[in-house]
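Participant: Whenever a hint applies, use it, and build me the whole structure from the sequences.
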Amino acid sequence: MEATNPTSKAGDWRNYKRVLLPPVKDLHQLEVYEDNGGYKALRDVLSGDKWDPQSVTAEVKKSNLRGRGGACFPTGLKWTFMPPVDPDVPRFLCCNGDESEPGTFKDRQLMEYNPHLLFEGILIANYAMTIKTCYLYVRGEYAQWIEQMEAELEKLYKKGYVGENIMGTGFSTDIVIHKGAGAYICGEETSLMESLEGKRAYPRIKPPFPAQKGIWGYPTTINNVETLACVPLIINNGADWYSGIGAEKHPGPVLYGISGHVNKPGVYEYPSGMLITDLIYEVAGGMRGGKKLKAVVPGGSSVPIMKADMIDGVTMDVDTIREAGSMMGTAGMLVMDEDTDMVSFLRRITHFYHHESCGQCTPCREGTGWLENLVTRIDRGEGNLRDLDLLIDLCDQMEGRTVCALADAAAWPVRWTVTRFREEFEAKCKPAVFPTGDGATEAAVPAT
Amino acid sequence: MPKVTIDGNVIEYEGREKLLQLCLDDGVELPHFCYHPSMSVPANCRQCLVEVGMPVKNRETGALEVDENGDPVIRFFPKLQTGCSMDVSDGMVVKTHRTSDLVKRAQKDNLEFLLVNHPLDCPICDQAGHCPLQIQAYKYGPEGSRFEFRKVKKPKRVKLGPRVMLDAERCINCTRCVRFTDEISKSHQLTIIARGVKNYPMTPPGMEFDDPYSMNTTDICPVGALTPANTRFQARQWEMAPTPSITTTNAKGANCFYWTRDNLIMKITPRQNLQVNEYWLPDEDRLVLDQFNNNRPEGPQVRADGGLQASTWDAATAAAADLLDAVDGSEILFVGSAYATVEDNYLLTKLASALGAATPVYLSHVETGHGDDWLRTDDRTPNTQGCERLGLTRTDAATLQAQLEEGAIKLVYVLEDDLVASGLAAGALDGVSVILHHYNTTNATLPAADVALPAAMVVETVGTFVSEDGHAQRVRPAKAIKGINRTLMMETGKSRTDMHGTPFDRWHNESHQVDCQPSWETLPAIAALLGHPMSYKGPKQIMAEVAANHDAFAGATYDAMGLEGVRLEEIGEAV
Ligand SMILES: Cc1cc2nc3c(=O)[nH]c(=O)nc-3n(C[C@H](O)[C@H](O)[C@H](O)COP(=O)(O)O)c2cc1C
Ligand code: SF4
Ligand code: SF4
Ligand code: FES
Numbered sequence: 000m001e002a003t004n005p006t007s008k009a010g011d012w013r014n015y016k017r018v019l020l021p022p023v024k025d026l027h028q029l030e031v032y033e034d035n036g037g038y039k040a041l042r043d044v045l046s047g048d049k050w051d052p053q054s055v056t057a058e059v060k061k062s063n064l065r066g067r068g069g070a071c072f073p074t075g076l077k078w079t080f081m082p083p084v085d086p087d088v089p090r091f092l093c094c095n096g097d098e099s100e101p102g103t104f105k106d107r108q109l110m111e112y113n114p115h116l117l118f119e120g121i122l123i124a125n126y127a128m129t130i131k132t133c134y135l136y137v138r139g140e141y142a143q144w145i146e147q148m149e150a151e152l153e154k155l156y157k158k159g160y161v162g163e164n165i166m167g168t169g170f171s172t173d174i175v176i177h178k179g180a181g182a183y184i185c186g187e188e189t190s191l192m193e194s195l196e197g198k199r200a201y202p203r204i205k206p207p208f209p210a211q212k213g214i215w216g217y218p219t220t221i222n223n224v225e226t227l228a229c230v231p232l233i234i235n236n237g238a239d240w241y242s243g244i245g246a247e248k249h250p251g252p253v254l255y256g257i258s259g260h261v262n263k264p265g266v267y268e269y270p271s272g273m274l275i276t277d278l279i280y281e282v283a284g285g286m287r288g289g290k291k292l293k294a295v296v297p298g299g300s301s302v303p304i305m306k307a308d309m310i311d312g313v314t315m316d317v318d319t320i321r322e323a324g325s326m327m328g329t330a331g332m333l334v335m336d337e338d339t340d341m342v343s344f345l346r347r348i349t350h351f352y353h354h355e356s357c358g359q360c361t362p363c364r365e366g367t368g369w370l371e372n373l374v375t376r377i378d379r380g381e382g383n384l385r386d387l388d389l390l391i392d393l394c395d396q397m398e399g400r401t402v403c404a405l406a407d408a409a410a411w412p413v414r415w416t417v418t419r420f421r422e423e424f425e426a427k428c429k430p431a432v433f434p435t436g437d438g439a440t441e442a443a444v445p446a447t
Numbered sequence: 000m001p002k003v004t005i006d007g008n009v010i011e012y013e014g015r016e017k018l019l020q021l022c023l024d025d026g027v028e029l030p031h032f033c034y035h036p037s038m039s040v041p042a043n044c045r046q047c048l049v050e051v052g053m054p055v056k057n058r059e060t061g062a063l064e065v066d067e068n069g070d071p072v073i074r075f076f077p078k079l080q081t082g083c084s085m086d087v088s089d090g091m092v093v094k095t096h097r098t099s100d101l102v103k104r105a106q107k108d109n110l111e112f113l114l115v116n117h118p119l120d121c122p123i124c125d126q127a128g129h130c131p132l133q134i135q136a137y138k139y140g141p142e143g144s145r146f147e148f149r150k151v152k153k154p155k156r157v158k159l160g161p162r163v164m165l166d167a168e169r170c171i172n173c174t175r176c177v178r179f180t181d182e183i184s185k186s187h188q189l190t191i192i193a194r195g196v197k198n199y200p201m202t203p204p205g206m207e208f209d210d211p212y213s214m215n216t217t218d219i220c221p222v223g224a225l226t227p228a229n230t231r232f233q234a235r236q237w238e239m240a241p242t243p244s245i246t247t248t249n250a251k252g253a254n255c256f257y258w259t260r261d262n263l264i265m266k267i268t269p270r271q272n273l274q275v276n277e278y279w280l281p282d283e284d285r286l287v288l289d290q291f292n293n294n295r296p297e298g299p300q301v302r303a304d305g306g307l308q309a310s311t312w313d314a315a316t317a318a319a320a321d322l323l324d325a326v327d328g329s330e331i332l333f334v335g336s337a338y339a340t341v342e343d344n345y346l347l348t349k350l351a352s353a354l355g356a357a358t359p360v361y362l363s364h365v366e367t368g369h370g371d372d373w374l375r376t377d378d379r380t381p382n383t384q385g386c387e388r389l390g391l392t393r394t395d396a397a398t399l400q401a402q403l404e405e406g407a408i409k410l411v412y413v414l415e416d417d418l419v420a421s422g423l424a425a426g427a428l429d430g431v432s433v434i435l436h437h438y439n440t441t442n443a444t445l446p447a448a449d450v451a452l453p454a455a456m457v458v459e460t461v462g463t464f465v466s467e468d469g470h471a472q473r474v475r476p477a478k479a480i481k482g483i484n485r486t487l488m489m490e491t492g493k494s495r496t497d498m499h500g501t502p503f504d505r506w507h508n509e510s511h512q513v514d515c516q517p518s519w520e521t522l523p524a525i526a527a528l529l530g531h532p533m534s535y536k537g538p539k540q541i542m543a544e545v546a547a548n549h550d551a552f553a554g555a556t557y558d559a560m561g562l563e564g565v566r567l568e569e570i571g572e573a574v
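Protein sequences appear in the order of chains A and B.
The opening residue of the first sequence carries number 0 in numbering that gives the first Met the number 0; numbering runs sequentially from there.
The opening residue of the second sequence carries number 0 in numbering that gives the first Met the number 0; numbering runs sequentially from there.
Derived from the structure by calculation, the hints contain no laboratory data.
BS3-like cross-link-like pairs, simulated, lysine-lysine; straight-line CA separation at most 25 Å: (1) B/Lys78 with A/Lys205; (2) B/Lys56 with A/Lys205; (3) A/Lys205 with B/Lys103; (4) A/Lys131 with A/Lys39; (5) A/Lys205 with A/Lys60; (6) A/Lys212 with B/Lys185; (7) B/Lys17 with A/Lys212; (8) A/Lys290 with A/Lys306; (9) A/Lys198 with B/Lys197; (10) B/Lys17 with A/Lys205; (11) A/Lys60 with A/Lys16; (12) B/Lys150 with A/Lys429; (13) A/Lys198 with B/Lys153; (14) B/Lys78 with A/Lys212; (15) B/Lys2 with A/Lys205; (16) A/Lys198 with A/Lys212; (17) A/Lys198 with B/Lys185.
Not the full set, but computed from the structure, chain B residues with beta-carbon under 8 Å of chain A: (18) Arg45; (19) Leu48; (20) Lys78; (21) Leu79; (22) Val115; (23) Phe148; (24) Asn172; (25) Thr190; (26) Ile191; (27) Gly195.
Just so you know, even glycine gets a beta-carbon here, dropped at the ideal spot from N, CA and C.
Facilitator: See below:
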């Protein structure tokens, strides 16, 4: 694997210079961050005539930044959904740092190594949408980095970069860090808002959307940690610079979280549009023990699984990967080698969604458990061939019929693992028994 | 007017409404569980899914796009939508299970899911027979289940509070109970705990579900997960007959059903009346079953040989007439009652005036601080307003006592009340004749009575009560009493008019019939013996006379009151 496959959209990625996680020691400290040009974007935006809220939003829109929370929704467009400013109506920004999807662990890196980039992004976003408060909702298990961020935030308040009259410009805004209590569902945007309000994290029905009725019923924008961290980069370097990185329709630096049977699992920052093969064989050091690749889940546990033969020439950007039969998701990539038992893999995934369904909607509450029951039975060698059809049936019964997308997220892995690796599931089932003409029965060999 | 098309039928509507409510209002049945008209819409049961389409508008001109036939082009949402949360809008096109296989399938799938972990213990469940889950599963659900695993175990027989029991396995997690305590009673005593398939409602640690309105959750729970502690496992739904009436625990006049089996009141549930109690009933209104069923008198009694002896209605009525005849009208104290109907109190005032006695008084039973600003009142009687409007004089035990001590009173005639229990010293009645219409043998005035005439209670009579808010409502007999009374028979709940009086009517049963009489039957019988005939065909005619004679009751006829009653102030102005 010498030269980069010509279909890569990541350009000269080997010489890519990291911008989200630059290799600077102790960058999480305010002083170090500032020494490296930190808070320049904020200062530029708040002082001088170059920027006003509209132009900041326009710049983000122009950059083509897409949300990194999983849905790849254009961020600038999302910001314009906020209603016109009414001084009597509070409005909020929510930064989603709940990161709980299996295979996704990239926001953690940002919060650990470059929290000030996130803070700066939040402050600029607040300015762009004339917001006075941002809630940074962080997964509770990240306690250590929450503490670190709280200490850094304290410094920011002392320094006058957050709070009243920031940098003497008259702009005031607050950042509040909120610790989650350990539920995957709290990452769903409306559920996160319920949780913030101190309620049980049951997702809300949409519409109304957060921009109409968010936290405490007020206009709210919600963005992922990585999404907001991109904002200061766009301000400093311009939308054109940003949109020039990686894939044209889905540009920018991406934190790829690679886990599984590779030699060097971890979070890697590269341009979007990287070939999946480059990520596995070049970036992550290739398959562990020189084994053969069997399957890749490219964007966090819920996106459709890809067989090894599906990934050739496929790049990590929203359109290409959709055409190839999966989804970009969070770019958290699960890599599995030839020894992986797909039934057992799916069993673990169904267990997760069963455990995490909030239980509000009937199809999700009951379906997730049933799926786990069935897959477990098959994994134990006690399943029937008809269970495979039932699994697909249950996915049909769950998808698109619930309040939030967790039911879909639970159904997709089942649908696609069973469909794409059906022979492995069939092999684990009890052989089907058909009656023969003379009244006896004989075991049938499952058709492949 | 804006229109929506449901299964090809055009429905006009006004104002903003939710699609499910519109369907229900228009008689288009849609299966649903979590939706309740008076609470927020969580759309969590996912049972009311329908196909929804909107007319396509031209982006530039805003005009509706039409197909080659000139019909508007409809674009359907890619996913099924929940009718309960969907705002209707002009031109919307909806397909329910009647016209969409997709919807039919979704309803079936959802019911299959709902039953996966449901214990299916309908044979021992109080909700069976009127259970939305049971009914809708039979109607829209799959024939069997493909679920072959152990069901989830959850707590059963949980005492959530003194009056409500939970069987968490039956719960379908619709959150109606939680929303009730959050949005309606505002006690915030319930929440859903655990996650996913382990979900069930619970009180916060250390808190009891003792909300004075807690039992409403047992009505709105769409399954048998929440049941009233006092009546559970007492009667199957289909063994009981409901009679629309009102409760008399307080002055609110909340509308209810009395559920009868074998002439016993088995339970009391709210009846919808948006003007009075909406869908709700305080717990206290439901806990009074005992007074209707137990300690009821066995016929009239007359004092003889120093004690009360069983008598007949003829003899007892004659004895009462004799006592009244023996004294001068000015020596009689008539005590009306805020527990009794307008009709009964009215006849008492008529008798008093015929005998030349003073206007009857009535005892007030106000317990300051008992009420709230909702369905409980300080007044513990149902008809204070009725007494006031008839011109009865409000009094209390102390005043009565003083009056009796003056010695001028020789006879006290008590209509459906208990003077001694209200604070009158028992001795105050020594040497005074007492005629008493009573409900229960526990009446503390009974030992002092010379003639005791058992009176029909609210569940056995026909009559009118006026609530604190001036809402006049009539009650109907829910159970049969001994003795034949044409009016009562005609008014009793029955399955069909032409089958009246056959054994197929639940009330028609010899057991547990109390030997009592409505006071509007007893009073005219006594008056007739005293030479003051009052001839009424029944309470309907009495009330018509009240409405004609008292401005405060103008227009309050039985026909006007119907099943939901009238505001006297409003109907009075209209007359
Ligand atoms: C079940 C579920 C879990 C989610 N968890 C997360 C999460 O942990 N972090 C996150 O950023 N977005 C999560 N999302 C996506 C959010 O709802 C939301 O789309 C996202 O935060 C928006 O940010 P973006 O526009 O910047 O991508 C989740 C969505 C669902 C349905
Ligand atoms: S889909 Fe699942 S997780 Fe989402 S609201 Fe419904 S029950 Fe909860
Ligand atoms: S107990 Fe009944 S009302 Fe409460 S959530 Fe469960 S099913 Fe709904
Ligand atoms: S009634 Fe429950 S989702 Fe609509």
